[in-house]
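With chain A fixed as given, assemble chain B onto it according to the hints.
In the order they appear, the protein sequences are chains A and B.
If you use my numbering, the first sequence corresponds to residues 1280 to 1367, in order.
If you use my numbering, the second sequence corresponds to residues 18 to 385, in order.
Hints listed in this document are in silico derivations from the structure and should not be mistaken for laboratory results.
It cannot be assumed that every hint is accurate.
The list that follows gives simulated cross-link-like pairs (lysine to any residue, SDA-like), each with its CA atoms no further than 25 Å apart [stated by the list, open to error]:
1) B:Lys318 x A:Ala1286
2) B:Lys261 x B:Gly251
3) A:Lys1289 x B:Pro312
4) A:Lys1308 x B:Val361
5) B:Lys319 x A:Thr1283
6) B:Lys77 x B:Pro93
7) A:Lys1308 x B:Ala322
8) B:Lys67 x B:Ser106
Here the structure is a predicted model, which is why all the values come from computation and not from measurement.
The primary structure of each chain is shown beneath.
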Amino acid sequence: MAMTAAAAAKQQQVSLPIASRRALDDAVKFARGIVERQLLQYHRLDDSLPLPRVHLPRLPIARLMPAHIDVLADALAVAPFVPGEVAG
Amino acid sequence: MTASSPSGTLDSLGSVVNDASLVITCGPGGVGKTTTAAALALAAAHAGRKVIVVTVDPAKRLADTLGIQGGSGGEPVEVVGATMNPKGSLWAQMLDAETTFDRLITERAGDPQRAKAILANPIYRSIAGSLAGAQEYMAIERLHQLVTSGEWDLIVIDTPPSRHAIDLLGAPDRLVSFFSHPVYRVLTVPGRSFARITNAGASTFLWAIRRLAGAKVVEDTVEFFRSLSGMEAGLRQRSAETAKILRRDGTAFVLVSSPRAEAIDEAVHLAGALRTGGFPLMATVINLVHPTPLPLALPPKKLPAGPLADQFALHRDLVALAEDEAREMGTLRTLAGRVPVIEVPLLDDVQDLAGLAALGQYLLQPDE
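Excised from the complex, chain A in its bound form:
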């Protein structure tokens, strides 16, 4: 998600209206902000609790349903441990 929508469209040889480019850039910027905040939280967690972590996928939902539990359970079954900074 590092590139702009215009660059991504060019790479995939797709013509993209300017409104769509703006909307995609805006969405990417928002998502990047969330990831940056998460990274800060990871660092804080590592400082106070340096243990391996399991990262589960972010689900774009507000209400968890049984199908989502299945998704999380499947991810949990295969997710690798992410070592904490200190532990790692």
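Only chain B this time, still in chain A's reference frame:
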């Protein structure tokens, strides 16, 4: 649903900040309740009011910002540099169950000897901080102390998470019920009458406790409750007064939630409890709302995998999430009726006074 205030009607968070004398934030855990309470308190301090925000368990960085890290010994602490308004000031206090109970016992015991006996009682020592509902009761107790001190223009109470908040609101009434309970009556029968009852084995309760826990525990328990009995009238009066304070003009409940289903479900439950109890709900704040992305033209047909396809997928997820949250919030909006509902978008972590001030401005003027 509105309540009159000294200068009009508490019909927006702006009027709550300017005119209310007591604000109680309540809601599920993890939705920014304490931060919202602190932001409202800071906004009132900026408006030139002397404000205290009372909290139970703030996140570490917020506690640092408010200067109450380490518990502050249960005493109010002035938040340095909170406002440039010479008339305004912001104070913070972190509640500590044992300290509050000890203060209550000391104030209400009547004489120092009695207070000393209660404070030294092993049963009291073991339950003071951990009794079911202790946090809720101490918050209510502290609220009464602050209101009756007349020292503050505005008191902002940040309650424990919602299930406990409902307990909190019922604490004054519950305490009165406790004093009316038959077991309490048996335990506090004075002198020889008590001995006759217990010696005759009339109290199955005490017999069972003695069998389970030993005679010393029973003696301590009985002694504790008997020593409390002299305080009953005062506690009853204080509870009745607090029950009125919670419902009177100038009091405003602010319900805080996030747009996630579990938080909304709890908030809906809590809003119902507030209504049923006759508590004045003045505003609902929904924090951490994902904004709806800008609209997108139709995606190209047969877009192959690649960075652009990833961006379209991300956009689609954000739209779905915003719609999902809007659906959940609709339930609370319907229930809120005429009570203002303020949505606060997912912001950067609020870590300092500047962040609290920005959040406060957002809460008071969400459309600007």
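Checklist entry - Does the alpha-carbon distance linking Lys318 (chain B) and Ala1286 (chain A) stay inside the 25 Å limit? => result holds (19 Å)
Checklist entry - Under the criterion that the straight-line Cα-Cα distance not exceed 25 Å, is the pair Lys1308 (chain A), Val361 (chain B) satisfied? => result holds (19 Å)
Checklist entry - Is it true that the CA of Lys1289 (chain A) sits at most 25 Å from the CA of Pro312 (chain B)? => result With a Cα-Cα distance of about 21 Å, the restraint between Lys1289 (chain A) and Pro312 (chain B) holds, given a limit of 25 Å.
Next on the checklist: Hinted pair, alpha-carbon criterion (25 Å max): Lys1308 (chain A), Ala322 (chain B). Please report holds or violated.
Outcome noted: holds (21 Å)
Next on the checklist: Lys67 (chain B) and Ser106 (chain B) were given as a pair; does the straight-line alpha-carbon distance stay at or below 25 Å?
Outcome noted: The hint holds at about 5 Å.
Next on the checklist: For a C-alpha distance cap of 25 Å, please report whether Lys319 (chain B) and Thr1283 (chain A) respect it.
Outcome noted: holds (20 Å)
Next on the checklist: Run the distance test for Lys261 (chain B) versus Gly251 (chain B): straight-line Cα separation, threshold 25 Å.
Outcome noted: holds (16 Å)
Checklist entry - When you check the alpha-carbon spacing of Lys77 (chain B) and Pro93 (chain B), does it fall within 25 Å? => result holds (17 Å)
When the structure is compared with the earlier hints, no violation turns up for any of them.
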